[in-house]
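Mind docking chain B on chain A? Use the hints.
Protein chains: 2
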Amino acid sequence: MTVGIVGAGQLGRMMALAGYPLGLDFLFLDPAEQPPAAQLAPVLKSAFTNDDALGTLAGRCEVVTIDWENISVEALRKLGRETRVSPPLRAIATAQDRVREKRLFEKLAITTTRWRAVSSRRQLDSAIADIGLPGVLKTRRMGYDGKGQAVLRTAADVDRGWTLLGQVPLLYEELVPFDLEVSVIGVRGRSGESQVYPLNHNVHSGGILRLTRAPYGNARLNRLARQHVLAVMEHFRYVGVLTIEFFVRGGRLVANEMAPRVHNSGHWTIEGAVTSQFENHLRAILGLPLGDARAKGYSAMINLIGAMPGRAALLRHPGVHLHDYAKEPRPGRKLGHLTVVEDDAGRCERQARRLLAELAPEIHIP
Amino acid sequence: MTVGIVGAGQLGRMMALAGYPLGLDFLFLDPAEQPPAAQLAPVLKSAFTNDDALGTLAGRCEVVTIDWENISVEALRKLGRETRVSPPLRAIATAQDRVREKRLFEKLAITTTRWRAVSSRRQLDSAIADIGLPGVLKTRRMGYDGKGQAVLRTAADVDRGWTLLGQVPLLYEELVPFDLEVSVIGVRGRSGESQVYPLNHNVHSGGILRLTRAPYGNARLNRLARQHVLAVMEHFRYVGVLTIEFFVRGGRLVANEMAPRVHNSGHWTIEGAVTSQFENHLRAILGLPLGDARAKGYSAMINLIGAMPGRAALLRHPGVHLHDYAKEPRPGRKLGHLTVVEDDAGRCERQARRLLAELAPEIHIP
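Top line first, the protein sequences correspond to chains A and B. Just so we're aligned: the first sequence equals residues 1 to 366 in the numbering used here. Just so we're aligned: the second sequence equals residues 1 to 366 in the numbering used here.
Looking at chain A on its own, in the form it has when it is part of the complex (with noise of 0.2 Å):
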């Protein structure tokens, strides 16, 4: 049984780690030259919208998943006529473009940020004068890791913004002055059975995660916050992983955005929950039972950013689990992450802060 993956990054890379212990082949599809699943799975070596790649990968997989979402639907589309393609394209399409997705946060009752669709200076102007200032300025599409963001508080930076941003269609939205950042993991199969793991508290840095702990909250915040992916699942008719990450304000959750995917914040799952993302992932599109979404103790993620830790330096720390994605470091980009599991929230805490010290000291850890 083969799973083609189109993004062959650290993602897919996991996926396929985890899904070898399930008796599955893999197969990849990435134009970089050497991405992190080509390590340990074949890559066809194109662009994402080549049709012969396409091609050769819809006839040698049973089932194609993504590890990107920013990944053209026109070519999932015709994938689809040949394969089985999970997520459903409608969900990428949704994510990819900030417009649909509010609009689904809001038809499934999902408080969600004001905002203003702009395709024009004016219309940027109208959506301020709306919703005030500060707020945000996002392109409507290929958003990740807070590029294609400005915020804005002046009119200064209402200019610089426009300049930056202006030439695609955007979004405005109020900033919201949240108290911390949490996002739930849900997993949807074939039949519509479902699980759903704890909320992941997510802390970030210049607009990267950096930290995540997990399980996070009261149950009356997991509660909602299941409730939230359940209903996005739905909709769609979901199969596969999907996050959602919300703000949260004074108790409540405010939708930020989806993602039609495993996701950064669910990293903890593979020692820290009886199944992990990845598996629950490639369990649900193939049509297998889904595994406990359960966590196991108190987990915290870490992420490594930018220039990786000699490796004797992370493992002296017991029990440490790492992950190295085996990529070329460069500034601000992930290159792999730790993760700690402890039967007791103060000592799974306890390490995330003396590992955190360590490797990322101007962090501030709230």
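Treat the hints loosely; a few may be bogus.
No copy is singled out in the list; a pair is fine if it fits within one copy or between any two copies.
Here are the simulated SDA-like cross-link-like pairs (lysine to any residue), alpha carbons at most 25 Å apart as the crow flies [what the hints assert, rightly or not]:
1. LYS327 <-> ALA38
2. LYS327 <-> ASN218
3. LYS296 <-> ARG350
4. LYS45 <-> ASP179
5. LYS327 <-> MET1
6. LYS296 <-> ARG121
7. LYS147 <-> GLN96
8. LYS296 <-> GLU271
Hints in this document: simulated from the structure, not taken from any laboratory.
Chain B in isolation, oriented as in the chain A frame:
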């Protein structure tokens, strides 16, 4: 950093799966057409003793290890002139020869069975006169999974056993009326640092391991096993994972044999220990700090032998972890294993019995 592995079976495969997250590369050497590790790492297809292939392996790998102990020590010695080889060849040579192994146990005051070396029919008769019947006649070399052994209870058995095995050097030992079989897995690093996993309780059928429960036994038995594995590792200045199998007779340990490698009875450590035996073997041979060998809860590991059950049927049991080795089915062949991990010993046992009743109802589980 490339790790060379002589033998590309399921043990090598699971080593690679444990090593990729550490940022390691792998290169295997194996004569088989499509060995289990070939799915996820390059394999030099060659006889284990081929000088050219061994030269390539040595040239491309910072360290070389084994996934099978019946490898030519001469070939490994050649490798050792060009690269680092772990575990030490003396330990591998000892594990390959039941007579050297028995002498080692005796030297280190590790209780073992009464035994005699046998290389003629006359010596066999004399060994039986000393030790009595019943007993077990075993080839000195190349035994595994109950192969190369004959239980002798009657004079007719003695004739049959001699006819079957008499062409090669043998060992005759008493048949131990044991209560149960256990194994201990230790790991020792280059610096002399060591970790020992808790005892495994192993249930065999037809000479093949079917079920392992861990952690097993009281503190006294664990302490004793720990002393023994530490003594053997110290003796060899061992580097890597080492396993010793024991019979338990009246609450005492009687050493049966040792394996200079990761072991089937330690597969539960992938999900059930803080650090798996595979990761710890790699850490050891690379001179990295060892990981914590403590168990997380209670584990049961069930081997899948001869035929692979359907994936969906296995995965519908909540919390079951499947490990499929991607091998062609063949009677008596180890094709994969299942692990369950539970906080509660009783729940773990019920899960294991439920699975075994479904998969191998013919096996008697003590």
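Hints, one by one, checked against the model:
no.: 1; hint: LYS327 <-> ALA38; verdict: both (11 Å within a copy, 23 Å between copies)
no.: 2; hint: LYS327 <-> ASN218; verdict: neither (37 Å within a copy, 46 Å between copies)
no.: 3; hint: LYS296 <-> ARG350; verdict: both (18 Å within a copy, 20 Å between copies)
no.: 4; hint: LYS45 <-> ASP179; verdict: neither (43 Å within a copy, 58 Å between copies)
no.: 5; hint: LYS327 <-> MET1; verdict: between (28 Å within a copy, 14 Å between copies)
no.: 6; hint: LYS296 <-> ARG121; verdict: neither (51 Å within a copy, 58 Å between copies)
no.: 7; hint: LYS147 <-> GLN96; verdict: within (14 Å within a copy, 59 Å between copies)
no.: 8; hint: LYS296 <-> GLU271; verdict: both (8 Å within a copy, 11 Å between copies)
Violated hints for the displayed structure, listed by number in ascending order: 2, 4 and 6.
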